[in-house]
Amino acid sequence: MNVKRAMGIDYGDVRIGIAISDAMGWTAQGVETIKRQTEEKDLGRIGELIREYDVETLVLGLPKNMNNTIGPRGEMSQQFAELLQQTFGLPVVLWDERLSTMAAERMLISADVSRKKRKQVVDKMAAAIILQNYLDSKSNGK
Numbered sequence: 000m001n002v003k004r005a006m007g008i009d010y011g012d013v014r015i016g017i018a019i020s021d022a023m024g025w026t027a028q029g030v031e032t033i034k035r036q037t038e039e040k041d042l043g044r045i046g047e048l049i050r051e052y053d054v055e056t057l058v059l060g061l062p063k064n065m066n067n068t069i070g071p072r073g074e075m076s077q078q079f080a081e082l083l084q085q086t087f088g089l090p091v092v093l094w095d096e097r098l099s100t101m102a103a104e105r106m107l108i109s110a111d112v113s114r115k116k117r118k119q120v121v122d123k124m125a126a127a128i129i130l131q132n133y134l135d136s137k138s139n140g141k
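Counting from 0, one number per residue, gives the positions in the sequence shown under numbering that gives the first Met the number 0.
What the hints contain is simulated information worked out from the structure, not anything from laboratory work. Don't take each hint at face value.
In the BS3-like style, the derived pairs of lysine-lysine whose C-alpha atoms are separated by at most 27 angstroms in a straight line are [stated by the list, open to error]:
| id | residue 1 | residue 2 |
| --- | --- | --- |
| 1 | Lys63 | Lys34 |
| 2 | Lys137 | Lys63 |
| 3 | Lys34 | Lys118 |
| 4 | Lys40 | Lys115 |
| 5 | Lys63 | Lys118 |
| 6 | Lys34 | Lys115 |
| 7 | Lys118 | Lys40 |
| 8 | Lys3 | Lys137 |
| 9 | Lys3 | Lys40 |
| 10 | Lys116 | Lys40 |
| 11 | Lys34 | Lys116 |
| 12 | Lys34 | Lys3 |
These figures come from a predicted structure and were not determined experimentally.
Please construct the entire structure, taking both the sequences and the accompanying hints into account.
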């Protein structure tokens, strides 16, 4: 059986969090935090992960303001979504990510993870939360 997975992406100024769905499309696992360098290198690494995990859908966090408007960060994500679509030719789903990083941070704090360690994993955890919310919405919609 050829399994197609979804990739969750938390696109930040300094790091890009990456999560991948399991073979059944039920759960999301954080797999990597990419420290941003150049657009070419960042996209190169994302491309490697897309091939490695046989990804067919990209789910990119869209930071919205609490009043549901899109500010500068959201516009950056929309531009990155277009770039991902052009580069990889895969469907890109923009997913409301409000509070995903805060939720990830809270989970790590409650698990007593040190500040230094939190910084290293919070982005891939936020990506996992974004992807999990997307997967849950798909399974609830069936």
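To see whether the hints hold, each was checked on the structure:
Restraint check: the Cα-Cα separation between Lys63 and Lys34 comes to about 23 angstroms, which is no more than 27 angstroms; the hinted pair holds. Distance check on the hinted pair: Lys137 and Lys63 sit about 21 angstroms apart at the alpha-carbon level, within 27 angstroms; holds. Distance restraint check for Lys34 and Lys118: the Cα-Cα separation of roughly 11 angstroms lies within the 27 angstroms cut-off, and the hinted pair is therefore satisfied. About 25 angstroms separates the Cα atoms of Lys40 and Lys115, which keeps this hinted pair within 27 angstroms; it holds.
Of the pairs offered as hints, the one joining Lys63 and Lys118 holds, with about 22 angstroms between alpha carbons and a cut-off of 27 angstroms not exceeded. Under the criterion of a C-alpha separation no larger than 27 angstroms, the hint pairing Lys34 with Lys115 is consistent with the structure, at around 15 angstroms. About 21 angstroms separates the Cα atoms of Lys118 and Lys40, which keeps this hinted pair within 27 angstroms; it holds. With a CA separation close to 15 angstroms, the supplied pair Lys3 and Lys137 stays within the 27 angstroms bound.
Annotation: proposed proximity of Lys3 to Lys40 holds, straight-line Cα distance about 24 angstroms (limit 27 angstroms). Restraint check for Lys116 and Lys40: the C-alpha separation of about 24 angstroms stays at or below 27 angstroms, so the hint holds. For the suggested pair Lys34 and Lys116, the alpha carbons sit about 15 angstroms apart, so the restraint of at most 27 angstroms is met. Taking the CA atoms of Lys34 and Lys3, the gap is about 26 angstroms. The hint holds against a cut of 27 angstroms.
The structure shown violates none of the earlier numbered hints.
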